[in-house]
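Protein chains: 4
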Amino acid sequence: MEERTGAQLIAEALRAQNVEYMFGIVGVPVIEVAMAAQTAGIKYVGMRNEQAVEACRLYSKFSARPSSLAAIPSVIEKAVRSSMYGRPGACYVDIPGDMVNAKIEEVKVRTVSCCPPPPVGLAQYNAIAGAISVLKQAERPLIIIGKGAAYSRAEAEILQLVESCELPFLPTPMGKGVVPDDHPNCVAAARSRALLQADVVVLLGARLNWILHFGFPPRFSPQVKIIQVDLCAEELGNNMRPAAALLGDIRAVVSQLLEELQKKPWKYPANTEWWKTLKDKMASNAKMSKAMALQPALPMNYYTAFHHISQLLPKDCIIVSEGANTMDIGRTMLLNSLPRHRLDAGTFGTMGVGLGFAIAAALLEKTQGSGQRVVCVEGDSAFGFSGMEVETMCRYKLPVVIIVINNNGIYSGVDTDTWREMEKMGDLTNIAPPVTLLPDARYDEVMRAFGGKGYLVQTPEELRSALQESLADWDRPSLLNVLIDPASDRKQQEFPWLTRSNL
Amino acid sequence: MEERTGAQLIAEALRAQNVEYMFGIVGVPVIEVAMAAQTAGIKYVGMRNEQAVEACRLYSKFSARPSSLAAIPSVIEKAVRSSMYGRPGACYVDIPGDMVNAKIEEVKVRTVSCCPPPPVGLAQYNAIAGAISVLKQAERPLIIIGKGAAYSRAEAEILQLVESCELPFLPTPMGKGVVPDDHPNCVAAARSRALLQADVVVLLGARLNWILHFGFPPRFSPQVKIIQVDLCAEELGNNMRPAAALLGDIRAVVSQLLEELQKKPWKYPANTEWWKTLKDKMASNAKMSKAMALQPALPMNYYTAFHHISQLLPKDCIIVSEGANTMDIGRTMLLNSLPRHRLDAGTFGTMGVGLGFAIAAALLEKTQGSGQRVVCVEGDSAFGFSGMEVETMCRYKLPVVIIVINNNGIYSGVDTDTWREMEKMGDLTNIAPPVTLLPDARYDEVMRAFGGKGYLVQTPEELRSALQESLADWDRPSLLNVLIDPASDRKQQEFPWLTRSNL
Amino acid sequence: MEERTGAQLIAEALRAQNVEYMFGIVGVPVIEVAMAAQTAGIKYVGMRNEQAVEACRLYSKFSARPSSLAAIPSVIEKAVRSSMYGRPGACYVDIPGDMVNAKIEEVKVRTVSCCPPPPVGLAQYNAIAGAISVLKQAERPLIIIGKGAAYSRAEAEILQLVESCELPFLPTPMGKGVVPDDHPNCVAAARSRALLQADVVVLLGARLNWILHFGFPPRFSPQVKIIQVDLCAEELGNNMRPAAALLGDIRAVVSQLLEELQKKPWKYPANTEWWKTLKDKMASNAKMSKAMALQPALPMNYYTAFHHISQLLPKDCIIVSEGANTMDIGRTMLLNSLPRHRLDAGTFGTMGVGLGFAIAAALLEKTQGSGQRVVCVEGDSAFGFSGMEVETMCRYKLPVVIIVINNNGIYSGVDTDTWREMEKMGDLTNIAPPVTLLPDARYDEVMRAFGGKGYLVQTPEELRSALQESLADWDRPSLLNVLIDPASDRKQQEFPWLTRSNL
Amino acid sequence: MEERTGAQLIAEALRAQNVEYMFGIVGVPVIEVAMAAQTAGIKYVGMRNEQAVEACRLYSKFSARPSSLAAIPSVIEKAVRSSMYGRPGACYVDIPGDMVNAKIEEVKVRTVSCCPPPPVGLAQYNAIAGAISVLKQAERPLIIIGKGAAYSRAEAEILQLVESCELPFLPTPMGKGVVPDDHPNCVAAARSRALLQADVVVLLGARLNWILHFGFPPRFSPQVKIIQVDLCAEELGNNMRPAAALLGDIRAVVSQLLEELQKKPWKYPANTEWWKTLKDKMASNAKMSKAMALQPALPMNYYTAFHHISQLLPKDCIIVSEGANTMDIGRTMLLNSLPRHRLDAGTFGTMGVGLGFAIAAALLEKTQGSGQRVVCVEGDSAFGFSGMEVETMCRYKLPVVIIVINNNGIYSGVDTDTWREMEKMGDLTNIAPPVTLLPDARYDEVMRAFGGKGYLVQTPEELRSALQESLADWDRPSLLNVLIDPASDRKQQEFPWLTRSNL
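Chain order of the listed sequences is A, B, C and D. full-length UniProt numbering puts the first residue of the first sequence at 1, with every later residue one more than the last. full-length UniProt numbering puts the first residue of the second sequence at 1, with every later residue one more than the last. full-length UniProt numbering puts the first residue of the third sequence at 1, with every later residue one more than the last. full-length UniProt numbering puts the first residue of the fourth sequence at 1, with every later residue one more than the last.
Keep in mind the hints are simulated off the structure, nothing from the lab. Do not take every clue at face value.
Repeated chains share a single entry, so a pair holds when one copy, or any two copies, can fit it.
Taking lysine-lysine pairs in the PhoX-like style, the calculated list, with each CA pair at most 25 Å apart, reads [claimed, not checked]: (1) K397 to K43; (2) K315 to K287; (3) K397 to K424.
Isolated chain A (complex conformation) (with noise of 0.2 Å):
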C-alpha cells in the first residue's frame, strides 16, 4: 500500500502543472513542502523576508482550502489555471498544517495533467469595424500599449499596426518594448501633450487607472474617444465610456483589425498638425532632459545618472524598477527593446517586490542561458524594504545588477551637512523630515557583506566605469551605490514637463 503525504502531494501536484520553482522561506510545515518540491524536480529558492501573506488571500482571483488530501491536485491545478486564464492573476491556496504531514494511500490520489495555454477570444466583426470606421476619423489619433498586450505577446501584431498605419504610440509602464521604446512613433518624450490633445485613444490592453488619470480631463479631452481592447469584459467601459469596445485577446483582436485593415489600407498622413505637435514637443522635451542629463554639477541628478546607465545597458537586457522618482523618470529614460523586459512595481506601487522579481528573472535567466541581463533600478528607500535579499542573490550566484539612486530619501532627501547640522539640534525624531534617510548609506557595502561586488559612486565616470564591469562579470550580484543631488527632486519641479504626472 503506497502511501504520499500532503508534503509530496503538493509537490507533485505543482510539478505536474510544470511550475518549475518555488519560493519560500522555511519554518514548520514549510520545510518538508520545500522538500518534497525538490525531490519532485522543482528549484526551490530560500527567500529572506514573506510579506503579508495572509493579506494575499484578500486580492486573489481564486483562494481555497483542499477539503482532502485526495482533492490537493484538482485544487491546485484549478489554482494554476486560474492564475493564467482570463486576466492573470495571483492565486492563493490555504492548506492546513496537519494536512502536509497527514498520509493517504496512492492508489485514493487522482492526479491532474497539465492545464493547456489559455483559450484566445477574438472580437466581433461588426465591433471590428465599427473601432476601425473611428480610428480612420481620427484627427490627432494614438495608440495606447499596456501590460495586456505584454502578457497576449501581441508585439508583431501591434508593430505591424503602428508601422502600417503610421500611427504614434506611447507604451505604459508594463508595456515598454511590446514595440522598442525606440521606435520612431514612439511619443513617450511627449506624454503629457499625446494625452491631453488626443481625439481618439487606443487602448491595447492598458486599464484606465491611475497611471492613465482614468482618462479624465484634465489629463485628457473631454471629447476623446476610446477604442478599448481588452480580454476582461468587466473592463470595457470601465471608468470611461468607448466609442468601440473590443472583447478578446490582444494579439488576436490586433489581427483582426490588421486584417480589416489590409482589405481597404489606410495610413494616418505623416504630414499633420498632430505629428509636428508630438515631433516638437519631443524635441524640446529631449533638449531640456539633455540639458539636465549633462549639468555637469556633482552631486549628479536624476538625468545625469540615468543618461550614462542608458548608455550602457545592453538592449536586450531586462529592466527591474521600483521606487518614487527613480521608477518614473527611469521609465522615460531606461528604453526597452524587447517586450516583457521591464518589471515594476507598477500599478499599486507596492515597494519591496523589486529585488523578488529580479532574482526571479535572474534565475530564468540562467535556466535559459539567455545570455540577457538583468538590472535591478532602486530608490534608496525602496531597496530598504527587501535589501537583505542580497544574500539571496551571492546565495546563488545570481549576477544582478542592482543600481541604487540614492538622494537620502523619499521623494527628496538632504545633505550630509544639512544632515550634521540636524543632529545638533537635538532630538531627530522631532526635527528630521519623515522623508530623510541617512546620507552616506553605503548600500554598496551591504552587497560586499555577502560576497557580491559593491560600488559607491559620485561621478559620472564612476557610473559608467562600475557599470561596465558590474556588466562584465556573470558570476556574482553588483550593486551600484548611486549618490545623487538629495534636492533633485525639488529641483526637477522646476521643470513642469518633468513631474511624476508624466509617467
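Got chain A; can you put chains B, C and D on it based on the hints?
Just chains B, C and D now, kept in the frame of chain A:
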C-alpha cells in the same frame, strides 16, 4: 445653489442605468431611497423579508463603498455594468446610512450615462475547426444546453445547430426552452443514459458542477471528450480537461460553428445505435412515467400531479420552481417551449427565492403586457421560507399561480394518522423525524388571508379544475395546495431512473 | 473497533455541554446531525426559515472550523463556553459537509465535559468607594438598568440598592423587570426628562449606544457624571468618559456597593426638586397616555390597544416584541414584573427574530412546566419576516399568543378607502408609499390555516375577549390581528413626548 | 473660520491619547500625517519596511473606519482605549486617503481627552478561598508566571507570594523577570520535569497555548490541577478545565490571595521530595549546560556563545529576541532581573519583529534616560527579515547591541567547505537543503555600511571583547556576527533535555 441628497443621487444613478424596479424593505434609511426612486421613475416593490444582506457582499462579483457623495453615480454604474458584463452576477454597493441624507451641490456631481449592452467575444478560428473535427468523429454525441446559452439569447443558432446536424440535446434546468423541451431531438427523458454513454459532449454555457456530476465517472464515461463553449476563460477546463475549448459568447460561437459547418455540411446519422439506445430508453422511461402518472391511488404521487399540471399549462408560461423532489421531478415533467421561461433555485439550491422570482417575473409581464402566465411550483418546505410574500402578490394584484406540492415534509413526510400517533407518544421534538412538517397545513388559506384565491386539491379532478380556474383569473394570485402522498418520495425510489440524479 | 460519525460527535459534544435544544432546517447534511441530536437526547425543532447563516460568522465572538473529527468536541466546548463567558454572544462552528459523514475510531476522540458557569469578577475597593462618593454628591441621580443586569441575575441586589437608597431608576428594553416596572421608583414614564436632567447616572450593565443616544447632548446633560458598571473592560468609557468605572459582574459589583453603603448608610431624600420634577412629568405623561388610551374612536390607536392588553396579561408572562412603533410603545405600556421576561429585537433592530424567540421561550416553559405564558407582540411588517413560523408553533402545539398590531404598514399605512383610490390611479409600484402594506390583511387566518386560533380584532371589546380566550387555551397558539388606525403613527407625533426617542 | 485637515485631526487625536511615538514609512498620504504628528509633538520614526498592513485588520481587537472627519477623535480614542483595556491587543483604524487632506471647521470637531488607565477587576472571595484550598493540598505545586503578570505590573505581589509560600516558579518567555530569573525558587532549568510532575499549577496570566503544550499529557500530568488567574473570562478553562478560576487583574488577584493567606499563613515545605527532584534536575541540567558551554571546540556552539553573553550583559538590560534555536536557548541562558525587560517574537513566532521592538525600546530608554541597554539577540535567518532597519538605528543614533547568532541557516546550516562542495555539484536550487543560508555572511558589515560598529566574532575571546566594547558605546548601534557551528542544532539534539520543547 441646487443640492442633491445621497438618496436622490442613488435613485437617479440607478435610473440612468435603466434600472426599472427596486425591491426592498423600508426602514430607516431605506425609506428615503425608496421615495427618491419612485420620484425618479423607478417602480418600488415593498417585500416582506430579506435574506442575508451582509452575506451578499461575500458572493458579489464587485463590491464597493463610495468614498464621497460625488462618487455615487460612477460606483453605481460600475456595479450595474459589472453585473451584466462577463459572467452575470450580483454586485454590492455599500452606502453608509449618513450618506443617504447628506447633501452635495448638484454641479459637483458627475453623472454617468447608461452602460451599453455587454461586449461580445468570439472564439479563435482554429479552435472552431478543432471542435468541429472532434464533433465529426463522435459516435455518441450529445449537446448540453446551459444557462449561459439562455443568457446570450442563442436560441435560433442552437436550434439550427441541433437541426442541421441532427444531434441529440439535453438542457440543464435553466437551459430548458432554449430549444423547446418537446423537440424530437431532446433526450431529457433519457438523461442518465445520455450522460453515461456519450463519447463527445458539447457544453454550451453549462458548467460541470454538481448538477452535472462534475463530468466525472460513474455518471460520465471516462473516455468522454468535451467541447466546451463558455464566455468565462476561468471556467474552461474546470473539473474536466476539454478536447476543445471555445472562449466567447455562446450565441456568437455557435454562429461561428454553424458558419464553419456550412462550408462542409455534416449530419449525425439518424440510424445509429446511439439514437436507438436513446429512443428506446426514452420510450421505456415515458412508459414508466406514464404508469406512475396514471396510478389511480389517492393521495396522488408526484407524477400524477405533474402530469395533469403539464397538460394544462400554456406553452408560453414562465415556470418558477424550488424544492427538492418538486424541483427535480418538475424539471422533467413540466416542459418549456421558450427560452428564459424557467427560473429555478438552481445551482446553489438556495431555498426561499421562488416567490421573489415569481413577483419579479409577474411585474415584468405586467409592464410588457406579454399575456404570459407566471406559474410558481413549490415544495411545501420551500414555500415556508418566504410564504408571506403572497401578501406582496395580493397587494400589487400580481396574478401568479402558485402550486404547492405538499407532501407534509422535506423529502418526505408522514400522513395525518401517523402524526396523531406520534403526538400521543410524547414530546414531538424528541420523536418527530426532522423531515416532517404539520400534516393538513392549509397553505391555500394563507393565500386567502390576503385576498387571493386558495384551493385545497386532493384529486386529479380538483387539480384540473382549480388550475383552469386560476389560469383564467388575471386579477389576483391563486394558490393550489396539492396534497400528495407523503410517502411518494420513498415509493419512487423503487424506480431507479427517477432519482434526484435525473436532473 | 467502535466508530463515531462526525454527526454523532457534534451531537454528543453539544449534549455534553448541556445543550438541550437544536433549531434548524433540514437538508443534506443537516439531516444527519438532526437525527444524531435526537438520539443523543437533544430536542430538535424544525424551523421554516433561516437568516444569514454566513453572516453569523462576521458577528461571532468566536468562530472556528475543526481541523479533524477528533477536534470536534473541544471546538464545540470552546464555542459554547465562549458564548457564555465574558459578554455573552453568538459563536460559530463551521463543519464541512464531508466531515459530517466521515468516521473515526471512538478511542481517538477526546471527550470534553460540560464547562462550568461563567467566572465572576469584582471591582476594586477604591473604585467602589469612588463611585459611592460620586453618587452621594448627586443632586439628580438616576439608575439605568440594562441587559447585563438581567444576564447576571442581579435582581435582588439592584432592588435592594433602589430601595435602600431610594433612587429613581429606568430600565432599558431588555433590562425591564429586573426591578418590576410598576415599582414606585421606576421613572420610565418620564424617560426623556430623566435622561436629560440627571446629574449622576449609574449604568448597570447598560451600554451607551443609540438606544441611550450615546450619552450625548441634547438628550443628556453635558455635565452628567456616569458611574459605569460593566463586565467588559473595553466597554468602560465607550462614548462617554465615566466618573467612576467599575469592572465586574453586575450582581457582584452591586453587592460590593451595598456592602460599602451599609458601612455608612445613605438615602437620596424623597422630597427633592428632582423627585418632584420626575413625578410631575410622570403624572402628566400618564394623563396624556390615558387620554390617548381612552379615545373612543375606531379604529383604535396604539395606546388604546396596549392599554387593554396590559390590563389582561398575567404578571409573570414572557413578552416578546418586535416592530417599530409596536416595539417602542409596547416597551412603555406593557409592564414586566420579572427579570428576563422580555425579549425584544433590541439593539440592532433586526426584524424577523420575534417568532423564533417566542418558540424557544415556549419550549422552555413547556419543559419546565412554569405555567408562564409567552406573548408575542408584533408589528404587521415585522410579523411578515417569519410569519410562516406559526406552522412550527402549531406543529409542536406551542401555546404562544401572538398579537399583531396591524396598521397596514411600516411606521404608518393607509386605510382601505384610500388604498382603493390609489388602486384606481394606476400602477401601485409607482404610487403606493413605500411604507404601505395591504389593508385588511388577515394575519389571523394565516394562523388558522395551520390549526391555531385566529381572531380579527377591531374594538376594545373584541380585543379583551379574544385575549382572554387565547390566554385560557394551553393547547395551541393563537393570533390576534388587531386592526388599529393606519394614521396612528402620524397622529401621535403631535404629542412630542411619544416619539421613538422615548425608548 | 478655523479649519483642520484630516491629518491634523489624526495627529492631535493621537497626541490627546498620550501617544508619544509614531512609526511609519512615508508615501502619499502618510507624509502629511507624519508631518502633522511632528507638529503635534509626536516623535516620528521613519522605518524601512512594513509588514502585512492589511492583515492587521484581521487580527485586531477593534477595527473601524471613521464615517466623517468629525468622527476621527472618537474613533482614535476607542482604538487606543481598546488596545489597553481588557487583554491588550492591536487595533486598526482605516482612514481613506482622501480624508487625510479634506478639511473641516474646527468648531465641528468634538475632541476627546486621554482615556484613563485600564479598570482593574478582582476575583470573587469564595473563588480565592477555593484556590487557596487547592494550593494547600498540593504535593508538587508550581507557579507559572506569564505575560499577563508583566502587563499588570504584579512583580511585587508575585515575589511576595513566591517567597512567603516558598513555592517553585517558572516564567513564560514574556513573563521572565517578573520575579528575577536568578531567584532561588526559579525552576526554569528544570522546566520539562516541573511541568510534567506538578500536581497543582498556578497560572498567573499565562495561556495554555502551544508554548505550554496546551496543558496536555504527555507534557503535563493527566491529574494536574490548574489554578488559573486571568483578566479575560473567555480564557478561563481554555484547553484545560481549571480546579479554580480567578477572573481579574493579575496584580489585584494575587493581592487578594496574599491577603487571604495572611489570615492563615501557609508555607510549602522546603524539604519535600518535589523540591529535591527539581533541584537535582536543575543541578544536572546546569552541569550539562555548563559542559556544553565550556566545550573548547570552534566554531562555538549555542551554549558557549550564550554563556559568555550572559556573563557580560548588565542585569537591567532589555533583551529582545527572535529566531528558532536562538530564541529558545536564549530564553534559558539569558537571565532577566526586571519585569518587562524581555521582548520576544513569542506566541505566534512571527519573524521580523525583533529590530522594530529594539528600536522602540531604545527610543523609550533615550527619552526616559534610564541608562538601560537594549540588546537584540537574533538568529541569522530572523535578522534577514528586517535587517535593513539597522539603517534606522544608525540614523537615530540608537545604541542597540545586536547579536546575530549565525549558524548559516534556519534550524541548521552547512559549513563553508560543504557549501563549496555543493556549489560544484550544480544548480544550488536543486541541491541546497532549504534550510541553508550563505556561509560567511557578514551581517557585521551590513551594520558598518551605515556607520554602526560591526564585529566578526569567531571565538569566546572575540565575543567577550566585542560585547564589552559595544556595551561601552552609547553613541551608535553595534552588531556582533557570532559564527557558531552550523551543526550545533543537530548536535544538541543528542541531549534530549535541550530541545525546543524546553521553552
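Hint check:
1. Taking the shortest Cα distances, K397 and K43 sit within 25 Å of each other inside one copy (15 Å), while across copies they are farther apart (42 Å).
2. Taking the closest pair of Cα atoms, K315 and K287 come within 25 Å of each other only inside a single copy of the chain (23 Å); across copies the shortest separation is 66 Å, beyond that limit.
3. Taking the shortest Cα distances, K397 and K424 sit within 25 Å of each other only across copies (12 Å), while inside one copy they are farther apart (43 Å).
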